[in-house]
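Peer 1: Take these sequences, add in the hints, and give me the full structure.
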Amino acid sequence: MITIPRIELDQNDYIQDQLQKYGTTLELSNYLWKKSPSNIGVTLYVGHDSHNLLLSFVVKEKYIRATYKEHLSNVFQDSCVEFFFRESEDPCYTNIEINPYGAALVAYGPQRQNRERRSIEYIKSLEIVTSYKDEEPYEGLWSITYHIPLGTIEENKIIYANAYKCGDLTLYPHYITLFKVDVEKPDFHRSEFFQPLRFL
0 MITIPRIELD QNDYIQDQLQ KYGTTLELSN YLWKKSPSNI GVTLYVGHDS
50 HNLLLSFVVK EKYIRATYKE HLSNVFQDSC VEFFFRESED PCYTNIEINP
100 YGAALVAYGP QRQNRERRSI EYIKSLEIVT SYKDEEPYEG LWSITYHIPL
150 GTIEENKIIY ANAYKCGDLT LYPHYITLFK VDVEKPDFHR SEFFQPLRFL
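In numbering that gives the first Met the number 0, the protein residues as written are 0 to 199.
Careful: at least some of the hints might be erroneous.
Okay, derived cross-link-like pairs now, EDC-like style, lysine to aspartate or glutamate, Cα gap no bigger than 16 Å in a straight line [unchecked claim]: (1) K179 x E81; (2) K123 x E69; (3) K184 x D167; (4) K61 x D9; (5) K20 x D9; (6) K68 x D133; (7) K33 x D181; (8) K59 x E26; (9) K33 x E183; (10) K59 x D9; (11) K156 x E88; (12) K179 x E26; (13) K156 x D89; (14) K34 x E134; (15) K33 x D167; (16) K156 x D48; (17) K156 x E86; (18) K33 x E134; (19) K179 x E191; (20) K68 x E134; (21) K20 x D48; (22) K20 x E7; (23) K34 x E183.
Calculated from the structure, these hints are not laboratory results.
Peer 2: In structure tokens:
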């Protein structure tokens, strides 16, 4: 089972640096449904600070697509990193989808249909940090770092999750996952394939 270590942070710490030093490193390595470009690589670093799940995606991607700048847009059409999770006793799950600009689509519900979109205030509480900037030359690497408030995180708490990288309208559409999703057609909204993550 994948474990999520506790990381001590102070106000001056840059979360991505601390996650890369002390967090659990996960490689998204399942290239599903289409022949994905071999030059796309995704690393996810995870940890927690007793109240928040901390995540940092680092993406190697030559041909990036970044068009949406507003939250609750169809960011999955851009280059996009996604984290879906549910708490152990909850039949519903949350999907968090973020493009290079840091624009996020977040929703909650038991299945793909009829999902309740989360508020802009909730999205702001994630404190999303992106490395991507329009005014700087893009050099093939971008990252997204944020945290998910979970209340008090007790030792051995378990959540069920999967992480994804996609880009429906990128030059080379692709579907990359942390845990395999064993269905015929592209569908990340399959919580039966979530796997347990345990907090230390």
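Peer 1: Okay, which hints does this one fail, numbers in order?
Peer 2: Result: hints 4, 10, 14, 18 break, sorted rising.
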